[in-house]
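Taken in sequence, the protein lines are chains Z and B.
Under my numbering, residues 1 to 300 are what the first sequence spells out, in order.
Under my numbering, residues 1 to 542 are what the second sequence spells out, in order.
Everything labelled a hint here was simulated from the structure, so no lab data went into it.
One should not assume that every hint holds.
Here are the simulated lysine to any residue pairs, SDA-like style, with alpha carbons at most 20 Å apart [said to hold, decoys possible]:
1) Z:Lys9 x B:Ala241
2) Z:Lys9 x B:Glu236
3) Z:Lys9 x B:Leu176
4) Z:Lys9 x B:Thr298
5) B:Lys110 x B:Phe234
6) Z:Lys9 x B:Ile305
7) Z:Lys9 x B:Asp109
8) Z:Lys47 x B:Arg324
9) B:Lys107 x Z:Ala190
10) Z:Lys9 x B:Tyr105
11) Z:Lys53 x B:Thr298
12) B:Lys107 x Z:Lys47
13) B:Lys110 x Z:Lys27
14) Z:Lys173 x B:Thr315
15) B:Lys146 x B:Lys110
16) Z:Lys9 x B:Thr108
17) Z:Lys53 x B:Thr367
18) Z:Lys173 x B:Ala349
19) Z:Lys79 x Z:Gly125
20) Z:Lys9 x B:Ala248
21) Z:Lys27 x B:Lys146
22) B:Lys107 x Z:Thr5
23) B:Lys110 x Z:Tyr50
Model, not experiment: these values are computed from the prediction.
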Amino acid sequence: MIQLTHLQKLEAEAIHIFREVAAECEKPVFLYSIGKDSAVLLHLAMKAFYPSKPPFPLLHVDTTWKFREMIEFRDQRVKELGLELLVHINEEGVKAGVGPFASGSRLHTDVMKTQALKQALDKYGFDAAFGGARRDEEKSRAKERIFSLRSAEHRWDPKNQRPEPWRLYNTRKRPGESFRVFPLSNWTEADVWDYIAKENIPVVPLYFAKPRPVVRRDGSLIMRDDDRMELRPGESVENLSVRFRTLGCYPLTGAVESTASTLPEIIAEMRNSKTSEREGRIIDHDGSASMEQKKQEGYF
Amino acid sequence: MAYALAETDRVKEPAGAPAPAAAASVQDKALLRFITCGSVDDGKSTLIGRMLYDSQMIADDQLAALDRDSKKFGTQGGNLDFALLVDGLSAEREQGITIDVAYRYFKTDKRSFIVADTPGHEQYTRNMATGASTADLAIILIDARKGILPQTRRHSFIVSMLGVRDVALAINKMDLVDYSEARFNEIVAAYREMARDLNFRTIAPLPISALNGDNIAALSDRTPWFQGEPLLRFLENVETAGDEPGEAPFRFPVQWVNRPNLDFRGFSGWVASGAVKVGDEVASLPSGRTSRVQRIVTQDGDLDIAIAGQSVTLTLADEIDVSRGDVLAAAGRQPEIASQSQARLLWTAETDMHPGASYIVKLGARTANATIAKIHHLVDIHTFEAAPARPLGLNEIGLATLRFDRPMILADYRDSRDLGGFILIDRITNETVAFGLIDPKGAPGAGETVEKPAQAVSIWPQVKSKLQGKLAPALFSGLCVGLGAVALGASAATGIALGLADAVLRPLARGFYTDYRRNASRRAAAKRTAEREEALNDGDGI
Chain Z
1 MIQLTHLQKL
11 EAEAIHIFRE
21 VAAECEKPVF
31 LYSIGKDSAV
41 LLHLAMKAFY
51 PSKPPFPLLH
61 VDTTWKFREM
71 IEFRDQRVKE
81 LGLELLVHIN
91 EEGVKAGVGP
101 FASGSRLHTD
111 VMKTQALKQA
121 LDKYGFDAAF
131 GGARRDEEKS
141 RAKERIFSLR
151 SAEHRWDPKN
161 QRPEPWRLYN
171 TRKRPGESFR
181 VFPLSNWTEA
191 DVWDYIAKEN
201 IPVVPLYFAK
211 PRPVVRRDGS
221 LIMRDDDRME
231 LRPGESVENL
241 SVRFRTLGCY
251 PLTGAVESTA
261 STLPEIIAEM
271 RNSKTSEREG
281 RIIDHDGSAS
291 MEQKKQEGYF
Chain B
1 MAYALAETDR
11 VKEPAGAPAP
21 AAAASVQDKA
31 LLRFITCGSV
41 DDGKSTLIGR
51 MLYDSQMIAD
61 DQLAALDRDS
71 KKFGTQGGNL
81 DFALLVDGLS
91 AEREQGITID
101 VAYRYFKTDK
111 RSFIVADTPG
121 HEQYTRNMAT
131 GASTADLAII
141 LIDARKGILP
151 QTRRHSFIVS
161 MLGVRDVALA
171 INKMDLVDYS
181 EARFNEIVAA
191 YREMARDLNF
201 RTIAPLPISA
211 LNGDNIAALS
221 DRTPWFQGEP
231 LLRFLENVET
241 AGDEPGEAPF
251 RFPVQWVNRP
261 NLDFRGFSGW
271 VASGAVKVGD
281 EVASLPSGRT
291 SRVQRIVTQD
301 GDLDIAIAGQ
311 SVTLTLADEI
321 DVSRGDVLAA
331 AGRQPEIASQ
341 SQARLLWTAE
351 TDMHPGASYI
361 VKLGARTANA
371 TIAKIHHLVD
381 IHTFEAAPAR
391 PLGLNEIGLA
401 TLRFDRPMIL
411 ADYRDSRDLG
421 GFILIDRITN
431 ETVAFGLIDP
441 KGAPGAGETV
451 EKPAQAVSIW
461 PQVKSKLQGK
471 LAPALFSGLC
481 VGLGAVALGA
491 SAATGIALGL
501 ADAVLRPLAR
511 GFYTDYRRNA
521 SRRAAAKRTA
531 EREEALNDGD
541 GI
């Protein structure tokens with residue numbers, strides 16, 4: 001008896017979800033965040049509709065503080081795959097001078113990420129947005145549905161979620177309401193890396209260790225990606241061999257010291273790791289329930 | 001056959017990293033999905049937290065957070081409270097209850113696991129059913145001090161109904177009964193007796209203490225009499241009913257017609273059961289037109305064969321009409337096509353069912369309209385017995401006949417979860433109001449048959465029995481009203497009419513009023529029980 005492996009089952013489930021959205025929603029969009037989860041998600045989207053192209057554009061909400069290598073990778077990838085990419089920046093936020101150094105992580109994330117995402121979804125009238133979130137990332141995500149209904153104001157109501165038995169998704173919604181759809185819900189960080197290795201999926205080089213200019217600040221190693229990061233008294237730039245487990249705005253993303261410069265080394269390092277991947281994310285630490293709060297406010 | 005799958009299985013060397021270690025480190029294991037069923041204080045969350053901890057899935061920063069949270073919210077006097085690892089939403093943590101389905105992931109060297117962690121309260125039956133709908137196995141938790149409780153029966157009934165055939169019976173809190181073998185055996189015997197009609201294939205009893213870790217990762221010294229495997233080893237090795245080589249016929253619900261250009265027309269969907277090979281004859285349903293499979297297309301190259309669970313795109317040799325919601329099926333062994341079917345319904349909405357109203361039905365990849373033509377009976381999930389028919393309320397289960405506005409391709413739920421399971425959606429609120437399980441063989445209930453025309457049977461028997469019981473007093477009260485009216489100066493004809501109307505309407509009104517009162521008091525009682533449960537609850541399972 002032939003059996004599908006764990007990864008084959010996860011792949012088939014994700015493809016099924018992509019097709020359901022394409023068949024049942026009017027104007028879907030793929031939220032492309034350039035990281036490893038997005039890379040896997042994009043790979044699955046290509047598979048789901050092959051030989052057609054995915055019937056939706058990619059949307060990148062650019063906070064203007066992403067690592068430069070991320071933007072290069074994004075543009076190259078989109079070109080290779082021949083896909084349509086929309087880039088949205090919250091120009092009001094830029095005008096107001098909002099940024100992680102000037103405004104702090106909370107305000108920056110709210111204005112440049114959460115509000116910017118809502119602006120973009122409203123601007124184009126998308127009624128379904130794919131995201132690469134996984135339930136194993138964080139406790140409040142563990143209970144989120146695969147099809148997560150958002151009000152016209154983009155709010156998530158954790159107490160009023162639709163049940164999802166079998167592989168049946170209730171995709172009915174009122175005008176203005178939309179879905180956030182998470183085809184990787186049942187994947188773990190390890191699954192993502194195993195799949196990247198198995199399928200040979202390109203990822204941003206920042207995941208691989210190499211000497212990079214970093215500054216020790218508030219217990220994190222922050223890579224100085226451009227000169228907008230001013231050194232505080234007593235700080236200095238060190239050239240350390242580091243890599244990143246998650247990618248976001250460079251001032252808010254802690255590097256880990258590592259020499260893992262190949263996929264097998266990364267996978268081995270992750271298996272032996274004693275910390276969870278989100279430890280490097282500065283925005284999650286505002287309190288145990290802070291991610292849940294952000295989600296209720298409309299954060300992805 | 002083996003070749004096609006081996007190909008997709010093969011580990012591709014990452015560019016620039018041709019280390020042989022890559023293949024070894026990519027562990028592509030089998031997957032087991034299971035559900036944990038326990039009530040307020042059976043220790044369910046503690047057990048899941050313990051399994052995650054014992055399989056080294058808890059990272060240092062998570063342990064630090066757990067330590068912090070244990071001191072703040074914990075119920076273990078500042079010791080690590082494993083339940084807090086899995087109680088996700090902040091409101092839940094403060095109230096100490098698990099209010100939704102949460103999914104957990106862990107793996108051991110042998111297997112990957114997806115755990116559906118669902119609440120045990122009766123008011124969350126729908127959440128448990130959601131978790132059970134995709135589960136291969138259920139862990140049923142029993143508090144060794146309390147033995148089998150009404151909730152044990154309820155949980156067992158639900159997982160059985162949703163098609164789970166393999167059960168691990170975890171008798172928890174063995175530390176509180178001095179690891180008594182006699183107590184363990186007593187509970188196991190009682191459970192086997194209770195579950196006689198639930199059609200489980202395996203029932204594997206285990207004496208455990210989630211709190212102390214007895215028989216979770218390793219056999220415990222405190223239960224030398226226990227001959228089985230510890231829970232994690234059992235889960236690694238168990239073969240569930242889903243693993244059995246089946247003779248299920250090929251079924252392929254079409255999700256999306258794939259048409260990149262005029263030269264390619266493929267049907268994207270998933271293999272719900274069986275397998276399909278290039279050249280196989282298939283029928284498109286409901287049209288019944290047949291053709292042969294020309295290609296099995298994937299981005300990784302064409303396959304020779306596709307098996308149950310795979311998402312692929314099929315092209316056919318002939319131009320036949322196939323659209324979303326149709327099913328491609330083995331030509332010789334076609335599924336049932338019906339515009340009416342009997343099904344078990346689990347009501348999942350706060351608002352009661354409206355018999356006769358039109359709901360949206362989703363089954364496979366098909367969306368249609370459905371009306372509930374008849375409710376045959378309710379099922380008491382504690383006694384497993386049939387109860388008189390009435391519209392279903394939240395978390396109630398009943399057997400009903402549904403009528404569809406177009407032909408549905410369906411199967412007995414016992415044979416196919418994918419073509420036997422469906423949801424009903426309220427077209428105004430868009431809420432998912434029911435889970436349905438196609439059940440053609442379900443006994444419709446005492447003295448009634450399914451074949452009766454739906455409208456004619458639904459109300460009349462109730463009215464008739466009420467009339468019979470209340471005829472004499474009704475006639476008397478009608479007579480009084482009629483005579484009273486005449487005495488007050490109405491004409492004789494009006495008096496007779498009023499009397500008759502009263503005789504007929506009063507018992508009817510009384511009957512419906514009694515039903516209403518009974519329902520209301522039943523709901524109030526259920527609510528009180530739930531509140532009591534919550535008041536007693538000390539953190540969903542410590």
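Comparing the hints with the structure gives:
Our distance criterion of 20 Å between C-alpha atoms is met by Lys9 (chain Z) and Ala241 (chain B), whose separation comes to about 17 Å. Only pairs whose Cα atoms come within 20 Å are accepted, and Lys9 (chain Z) paired with Glu236 (chain B) is accepted, the gap being roughly 18 Å. For the hint linking Lys9 (chain Z) to Leu176 (chain B), the alpha-carbon distance of about 41 Å lies beyond 20 Å, and the restraint is violated. Of the supplied pair hints, the one linking Lys9 (chain Z) and Thr298 (chain B) holds, its CA atoms being roughly 15 Å apart against a limit of 20 Å.
Distance check on the hinted pair: Lys110 (chain B) and Phe234 (chain B) sit about 11 Å apart at the alpha-carbon level, within 20 Å; holds. For the given pair, Lys9 (chain Z) sits about 16 Å from Ile305 (chain B) by alpha-carbon distance, which is consistent with the 20 Å threshold. The hinted pair formed by Lys9 (chain Z) and Asp109 (chain B) meets the criterion: a straight-line CA distance of about 18 Å does not exceed 20 Å. Pair hint Lys47 (chain Z) plus Arg324 (chain B) holds up; C-alpha atoms about 19 Å apart against a cutoff of 20 Å.
Proximity of Lys107 (chain B) to Ala190 (chain Z) is assessed by CA-CA distance (about 10 Å); at most 20 Å being required, the pair is judged to hold. Distance check on the hinted pair: Lys9 (chain Z) and Tyr105 (chain B) sit about 14 Å apart at the alpha-carbon level, within 20 Å; holds. Taken as a hint, the Lys53 (chain Z) and Thr298 (chain B) pair is honoured in the structure, with Cα atoms around 13 Å apart against an allowance of 20 Å. The straight-line distance between the Cα atoms of Lys107 (chain B) and Lys47 (chain Z) is roughly 26 Å, outside the 20 Å bound, and the hint therefore fails.
Note on Lys110 (chain B) and Lys27 (chain Z): the hinted pairing is violated, with a Cα-Cα distance of about 42 Å set against a maximum of 20 Å. Taking the CA atoms of Lys173 (chain Z) and Thr315 (chain B), the gap is about 33 Å. The hint is violated against a cut of 20 Å. For a cut-off of 20 Å, the pair hint linking Lys146 (chain B) to Lys110 (chain B) is broken: about 34 Å separates their Cα positions. For the proposed pair Lys9 (chain Z) and Thr108 (chain B), the alpha carbon gap of about 18 Å is at most 20 Å, so the pair holds.
Between Lys53 (chain Z) and Thr367 (chain B) the CA atoms are separated by roughly 25 Å; this puts the pair beyond 20 Å, and the hint is violated. Simply put, Lys173 (chain Z) and Ala349 (chain B) have alpha-carbon atoms about 16 Å apart, close enough for the 20 Å limit, and the pair holds. With a C-alpha separation of about 25 Å, the suggested pair Lys79 (chain Z) and Gly125 (chain Z) falls outside the 20 Å cut-off, and the hint is violated. Taking the CA atoms of Lys9 (chain Z) and Ala248 (chain B), the gap is near 19 Å; set against the 20 Å cutoff, the hint holds.
The straight-line distance between the Cα atoms of Lys27 (chain Z) and Lys146 (chain B) is roughly 54 Å, outside the 20 Å bound, and the hint therefore fails. Taking the CA atoms of Lys107 (chain B) and Thr5 (chain Z), the gap is about 14 Å. The hint holds against a cut of 20 Å. About 33 Å separates the Cα atoms of Lys110 (chain B) and Tyr50 (chain Z), which puts this hinted pair outside 20 Å; it is violated.
Hint violations for this structure: numbers 3, 12, 13, 14, 15, 17, 19, 21 and 23, all remaining hints satisfied.
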